[in-house]
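*Asks:* Residue strings, one per chain:
Number of protein chains: 2
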Amino acid sequence: MEENLLVGVDLGGTTIKLAFITEQGVIVHKWEVPTNRDELGSYIVSDINDAIDEKLREIGLKKTKLLGIGMGAPGPVNMEQGLIYEAVNIGWKNYPLKRLLEEATDLPVFVDNDANLAALGEMWRGAGEGADNLICVTLGTGVGGGIITNGQIIHGVNGAGGEIGHITSIAEGGAHCNCGKTGCLETIASATGIVRIALEYIQKGQSSELSKVLEANGLLSAKDVFEAVKNNDTVAKDVINTIAFHLGLAIANLSNGINPEKIVIGGGVSKAGEILLQPVKEYFSKFTFPRVRIGAEIKIAILGNDAGVIGGAWLVKNELGK
Amino acid sequence: MEENLLVGVDLGGTTIKLAFITEQGVIVHKWEVPTNRDELGSYIVSDINDAIDEKLREIGLKKTKLLGIGMGAPGPVNMEQGLIYEAVNIGWKNYPLKRLLEEATDLPVFVDNDANLAALGEMWRGAGEGADNLICVTLGTGVGGGIITNGQIIHGVNGAGGEIGHITSIAEGGAHCNCGKTGCLETIASATGIVRIALEYIQKGQSSELSKVLEANGLLSAKDVFEAVKNNDTVAKDVINTIAFHLGLAIANLSNGINPEKIVIGGGVSKAGEILLQPVKEYFSKFTFPRVRIGAEIKIAILGNDAGVIGGAWLVKNELGK
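Just so you know, the sequences run in chain order A and B.
Each residue of the first sequence is one higher than the last, beginning at 4 in my numbering.
Each residue of the second sequence is one higher than the last, beginning at 4 in my numbering.
Here chain A stands alone, though its shape is the one from the complex (with noise of 0.2 Å):
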């Protein structure tokens, strides 16, 4: 007899990422459809049930064997009532995606914040594993963060808990953020950040192997910094050490509020490695009040992409267990 499956989605702005995961959180089978976005994201609950349906065909699967589904959305969501209060890149505004999609796959649905479903994936399976108390940073083209206390994740009294890309790291004259603030971490420390800070840098006029790099390719990328720091640049260097500090700042100051035991960063940018983890961990050690520095070790995420649905799959086998 086949084990019963556990179903993880990540809505995101280009691509739903499907998978089934057994209730261990080991992926059997992984799948992507793209996102229709027309009619203000009106086509995605029936797209996913029609996903889900296609590969258990394809598979020759039962329904029967779907335990439920956890699915992680853009955007600040409300939990119990299964709402999303707002996902600005797909168009859904309140919108009741937990209670539709049980409608349409007949299966429970558990909903959460994308983020936060990536923070629960590297507590279950990843570079987070078995820590209750655990701050996921996600570093891609924007800054997102989930918070685990007391082995459950913040959502907050809005469901704004968690948003780490948008904690103030430059006071006065930061640079203008897309949620209408100036100086948020998201503008340093994000891959556009990190290109943002770069060009600032190159156009103080100062030598760096990076300026022809720009002008080779008419544009620079965060992965083009990170590969001027191994060959010693000094204005990379630069970047990096600002990058670095911002980070190490933030998520120190984060701590001596929660205490957590790991620090797991994630998203595109952590795959710089070492490169980026060691002097963050230097500021990281510099701000953390003595007993919170010892009790923290900061991790590369190990999960990638895979975080989310696996997430997802701990809500619904959390969820359904309670």
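In short, the hints are calculated from the structure, not lab data.
All the pointers check out, no bait thrown in.
Note that the list lumps identical chains together, so a pair holds whenever it fits in one copy or between two copies.
Only pairs whose alpha carbons sit at most 30 Å apart, straight line, appear in this in silico BS3-like list of lysine-lysine: (1) K289 - K96; (2) K68 - K325; (3) K284 - K96; (4) K302 - K233; (5) K207 - K274; (6) K325 - K65; (7) K325 - K33.
Please build the complex by placing chain B on the supplied structure of chain A, with the hints as guidance.
*Replies:* Here is chain B on its own, set in the frame of chain A:
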């Protein structure tokens, strides 16, 4: 028939506060005994037991009416084991407070950090009433804190959760803190910090009524600074603006992670009321993610010195009800 009562105990460096409290959180009897710090605090447990017995005799109450003791200690605590990791002011190290006080009193005992109990007190019966997500900052000689998420205190991995006083406010060149770091919020927003900053301003030679107060009294208090603000003294206003900036930024950035419903500011310094609260609110608004800003309300604590014993009573009620 008389109702059952909860015992709240709040251990400080100079006095032990005790109270008998109803299951609704109303204080029925409240008294203090001096803290005997002799022989590394080894008399404290029996002093507490004696104080309770004497009070019972005095009011003619049977001990069977007491449901249990909730006690706060000044230091990091392992709640499950009932262990005080360290209470520097008392002399305790890895002190099995729960076990010893249970043996002495024959009552169930639950222990937590004193700032955490103050936060629970304010959540139950004070300015944070009903908030499942709450940040409590106590501005006294030092700066203490307690954070509640999902209705539970954040203890963190080794009991150092809520160390808001040791958030790094000044990354480079800040004043030395007792914790070993520099630039902690405690060096700025405590009564001591306010005086230190005021003296720095005075030494710069700017004209201020604070110089006259200092000359007349030979010393300066945080209260003097707030009084001078009321008289529109420019230097005093600059000092409080500096304090408000750092306090507002620190709780804003913590809130960007926690998304609290209420932020409660207590301790002696908070008696300044609106003079402090107004600029703190302004900086808080400036530095918070919009959704976090909308969700949060900043208030002055209302329980004063009773917050700890009321939090202790809540702890007993909550733990016995599990």
